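Number of protein chains: 2
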Amino acid sequence: MSLTHALLGFLGYQPMTGYDLKQRFDRSIYYFWNAKLSQIYPTLSKMKEEGWLTMEVEHQEDRPNRKVYSITAAGREELHRWLREPAAVAPIRDTFLIKIFFGGKLEKEEMLAQLRHHLALHQEQLAAYQETVRETIRQNVKATGQEREGFFWGLTLDRGIEYEDGWIEWCQEAIAKIETNFK
Amino acid sequence: MSLTHALLGFLGYQPMTGYDLKQRFDRSIYYFWNAKLSQIYPTLSKMKEEGWLTMEVEHQEDRPNRKVYSITAAGREELHRWLREPAAVAPIRDTFLIKIFFGGKLEKEEMLAQLRHHLALHQEQLAAYQETVRETIRQNVKATGQEREGFFWGLTLDRGIEYEDGWIEWCQEAIAKIETNFK
DNA sequence: AACCCCATGTAAGGCGTTACATGATTTC
DNA sequence: GAAATCATGTAACGCCTTACATGGGGTT
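Listed in order, the protein sequences are those of chains A and B.
If you're matching positions, the first sequence starts at 5 in my numbering and goes up one per residue.
If you're matching positions, the second sequence starts at 5 in my numbering and goes up one per residue.
Worth flagging that the hints you see were computed from the coordinates, not collected in a lab.
Take these hints with a grain of salt, some might be off.
If several chains are the same, the list does not tell them apart, and a pair holds so long as it fits within one copy or across any two.
In the BS3-like style, the derived pairs of lysine-lysine whose C-alpha atoms are separated by at most 25 Å in a straight line are [stated by the list, open to error]:
#1 Lys26 / Lys52
#2 Lys40 / Lys146
#3 Lys146 / Lys181
#4 Lys26 / Lys50
#5 Lys26 / Lys109
#6 Lys71 / Lys181
#7 Lys109 / Lys146
#8 Lys146 / Lys112
#9 Lys52 / Lys71
#10 Lys50 / Lys109
#11 Lys109 / Lys52
#12 Lys71 / Lys146
#13 Lys181 / Lys112
#14 Lys71 / Lys50
#15 Lys50 / Lys112
#16 Lys181 / Lys26
#17 Lys52 / Lys181
#18 Lys181 / Lys109
Just so we're clear, the structure is a prediction, and the values are computed from it rather than from any experiment.
Let's have the full structure, built from the sequences with the hints guiding it.
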């Protein structure tokens with residue numbers, strides 16, 4: 005399970021609650037992995053039973069108590085084992101490509117509308133990466149001094165940017181082809 | 005549900021059995037969508053109850069009977085409606101990127117092994133697209149005369165190739181960066 | 001007054017995979 | 001003799017999303 009190992013990864017930096025972990029997801033790896041709180045909480049419980057985490061309750065007066073999880077030696081070993089294990093290529097599973105594949109059923113203008121809409125979405129995503137995500141990484145490296153880690157965070161971001169760039173170019177080419185040679 | 009609409013799409017070309025449909029998936033769109041027979045069969049049943057398909061049993065002597073499904077007018081309308089509906093961007097969900105993100109925990113050589121392995125997988129995938137898939141499309145257009153359809157099949161393949169190319173370049177750059185400036 | 005933040009969960013349902021079940025014919 | 005092809009399914013399980021449940025404190 006990948007969620008388990010992503011949680012181990014973040015807890016390798018420092019002890020945290022499920023709520024904190026959700027925020028880490030939302031602010032860093034959200035563009036290639038995410039989970040809802042309703043999945044994170046039970047997963048943390050199971051990981052504790054597995055012996056990969058320990059938990060301590062931090063009592064608070066005007067807010068709900070915090071359950072702070074820490075990674076154990078067994079947890080670090082499991083993370084390291086998983087990180088070295090060869091990874092399979094992730095399947096694409098993109099419904100948009102199904103729509104393109106059967107695009108012969110659409111009128112020229114209907115198809116162009118789909119493509120233009122998708123182009124806009126990817127352009128937005130790209131802008132978010134270049135502004136928000138890059139800046140988040142910079143601040144994190146500055147605040148924690150994790151330079152080696154920051155290098156790898158940057159690599160995943162580079163891949164995200166290349167991915168969006170690829171989509172944008174493909175959309176633009178597809179639009180051009182349909183506009184000029186079609187119908 | 006996207007499986008439903010992919011099935012409608014293929015049945016829009018001609019009536020088929022679940023078994024035939026599985027082969028269509030495996031030979032054309034497998035690189036961005038697929039399904040097992042154990043999911044296809046019950047889905048076809050539901051689609052029939054929904055009124056999008058009709059079914060006729062073709063009796064065979066030495067083999068199991070074939071259940072041939074045909075798309076109805078309602079099915080075609082549903083397909084068309086779905087094709088026009090704006091598509092959201094597919095989430096990436098790539099466990100390999102999680103491994104990269106937490107790559108600071110690995111030794112230089114462990115990380116290079118991961119990257120080289122992944123590079124090889126994407127190179128294989130790319131080769132398959134350029135040989136097998138491109139050829140399958142060519143033959144299909146030739147056999148059925150579906151030139152307009154063939155254009156869109158080609159678009160999805162272009163995207164697949166660009167996707168693999170992107171990964172290959174990224175892997176090569178990542179390997180180079182780690183080999184020269186690291187540890 | 002309405003909404004967001006903090007902080008924890010449970011329950012139901014959807015989509016997908018893996019395993020189980022059957023069985024004749026053809027190909028290596 | 002073993003494996004693949006044809007042809008249909010059911011059952012159990014895993015991962016994930018959505019909805020439900022609680023409730024005080026701060027912000028607009």
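Status of the hints after comparison with the structure:
no., hint, result
1, Lys26 / Lys52, "within (17 Å within a copy, 41 Å between copies)"
2, Lys40 / Lys146, "neither (28 Å within a copy, 48 Å between copies)"
3, Lys146 / Lys181, "between (46 Å within a copy, 21 Å between copies)"
4, Lys26 / Lys50, "within (17 Å within a copy, 37 Å between copies)"
5, Lys26 / Lys109, "between (42 Å within a copy, 21 Å between copies)"
6, Lys71 / Lys181, "neither (56 Å within a copy, 40 Å between copies)"
7, Lys109 / Lys146, "between (53 Å within a copy, 19 Å between copies)"
8, Lys146 / Lys112, "between (51 Å within a copy, 23 Å between copies)"
9, Lys52 / Lys71, "within (12 Å within a copy, 50 Å between copies)"
10, Lys50 / Lys109, "between (48 Å within a copy, 23 Å between copies)"
11, Lys109 / Lys52, "between (52 Å within a copy, 21 Å between copies)"
12, Lys71 / Lys146, "neither (28 Å within a copy, 64 Å between copies)"
13, Lys181 / Lys112, "within (11 Å within a copy, 45 Å between copies)"
14, Lys71 / Lys50, "within (14 Å within a copy, 44 Å between copies)"
15, Lys50 / Lys112, "neither (52 Å within a copy, 32 Å between copies)"
16, Lys181 / Lys26, "neither (43 Å within a copy, 31 Å between copies)"
17, Lys52 / Lys181, "neither (55 Å within a copy, 37 Å between copies)"
18, Lys181 / Lys109, "within (17 Å within a copy, 46 Å between copies)"
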